[in-house]
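Student: Here is how the chains run, residue by residue.
Protein chains: 2
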Amino acid sequence: VTGMFNHAPREYVCPFCLVAKGIIRESVHSRDSDIVARNSAAMALIASHWRPRNPGHVIVAPIAHYENLYDLPDEIGAAIFSLSRRIAIAMKNAYRCDGISTRQHNEPAGYQDVWHYHLHVFPRFAGDELYLDDNPNRLTRVEEREPYAAELRAALGAEQ
Amino acid sequence: VTGMFNHAPREYVCPFCLVAKGIIRESVHSRDSDIVARNSAAMALIASHWRPRNPGHVIVAPIAHYENLYDLPDEIGAAIFSLSRRIAIAMKNAYRCDGISTRQHNEPAGYQDVWHYHLHVFPRFAGDELYLDDNPNRLTRVEEREPYAAELRAALGAEQ
Numbered sequence: 184v185t186g187m188f189n190h191a192p193r194e195y196v197c198p199f200c201l202v203a204k205g206i207i208r209e210s211v212h213s214r215d216s217d218i219v220a221r222n223s224a225a226m227a228l229i230a231s232h233w234r235p236r237n238p239g240h241v242i243v244a245p246i247a248h249y250e251n252l253y254d255l256p257d258e259i260g261a262a263i264f265s266l267s268r269r270i271a272i273a274m275k276n277a278y279r280c281d282g283i284s285t286r287q288h289n290e291p292a293g294y295q296d297v298w299h300y301h302l303h304v305f306p307r308f309a310g311d312e313l314y315l316d317d318n319p320n321r322l323t324r325v326e327e328r329e330p331y332a333a334e335l336r337a338a339l340g341a342e343q
Numbered sequence: 184v185t186g187m188f189n190h191a192p193r194e195y196v197c198p199f200c201l202v203a204k205g206i207i208r209e210s211v212h213s214r215d216s217d218i219v220a221r222n223s224a225a226m227a228l229i230a231s232h233w234r235p236r237n238p239g240h241v242i243v244a245p246i247a248h249y250e251n252l253y254d255l256p257d258e259i260g261a262a263i264f265s266l267s268r269r270i271a272i273a274m275k276n277a278y279r280c281d282g283i284s285t286r287q288h289n290e291p292a293g294y295q296d297v298w299h300y301h302l303h304v305f306p307r308f309a310g311d312e313l314y315l316d317d318n319p320n321r322l323t324r325v326e327e328r329e330p331y332a333a334e335l336r337a338a339l340g341a342e343q
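Chains as they are written, first to last, in this note's numbering: chain A, 184 to 343; chain B, 184 to 343.
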């Protein structure tokens, strides 16, 4: 199947597909320990790269490979929405953040850089300058992410 | 029904509820002519305030009043996703933009400023600096928005 306005190179090794399958590669930063929730359609994991003042933000992605919003079937989009909402509520309870915002990027001009649809869910804090801070995203260590994953899993468990 | 982490003042007159009902008020910038699609669950309209280099961006919102992501039922979230995807594809065809990105804000610290859930769908252009440009959003004139609405309606019609 060829998608709409796709940009992945021909022999693309998709990092989110590897993560969904539990395959570890040096070149892929995410690990099983980053996953905080998954079902047959979607998964949520602590992002490997963080904004300066929004630690522990989460990526929600489909299990199956779709490059972008244009390609994502409605029933999987519904699962992405539902999981992002659960993550938002869990973040409020676990991180005690002041707000939540989400963003989702398509194509290089839209700031997409991994060629598998993903939605960012950010914990927000007063004065965090999520948009205006031009510092690059920082690659985090696995061990740094683990306490955030543990807190979110506990909060997700408490939601049910 | 009281929502989660709501911030609307007690006697809030909700602009998106007025738009959904077709009621015109001086204080509300959006008009019927901004609406490009609607169904029983959700509506899409040209935003009244634009970023400097992303003209004609669209707001997707539920018809019923829910303040934020935490409160939005999954079935309405599914309708929001589906409509946002249709809008994204229509924008690609109508605006010939280089990409699409979406964002959604909850609570004041998360940059929410209208107390009715809404998702922004932006046409993206190379070098548009959607995030780093600190110019404020510009209030547009109704007549300025009409050609964008007309183009999107035509593209949405062609999608079906």
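Watch out, some of these pointers could steer you wrong.
Reference excerpt, derived from the structure (chain B facing chain A, CB under 8 Å, subset only) [said to hold, decoys possible]:
| id | residue |
| --- | --- |
| 1 | HIS212 |
| 2 | SER231 |
| 3 | ARG268 |
| 4 | LYS275 |
| 5 | ALA333 |
The hints are simulated quantities; they were obtained by calculation from the structure and are not laboratory data.
Just so it is clear, the structure is predicted and the values come from calculations on it, not from any experiment.
Ideal Cβ positions, reconstructed from N, Cα and C, are used throughout, including at glycine.
Student: Work down the list of hints and note, for each, if the structure agrees.
Tutor: Evaluated hints:
no., hint, result
1, HIS212, "22 Å, violated"
2, SER231, "20 Å, violated"
3, ARG268, "6 Å, holds"
4, LYS275, "6 Å, holds"
5, ALA333, "22 Å, violated"
Comparing the model with each numbered hint stated earlier shows that hints 1, 2, 5 do not hold.
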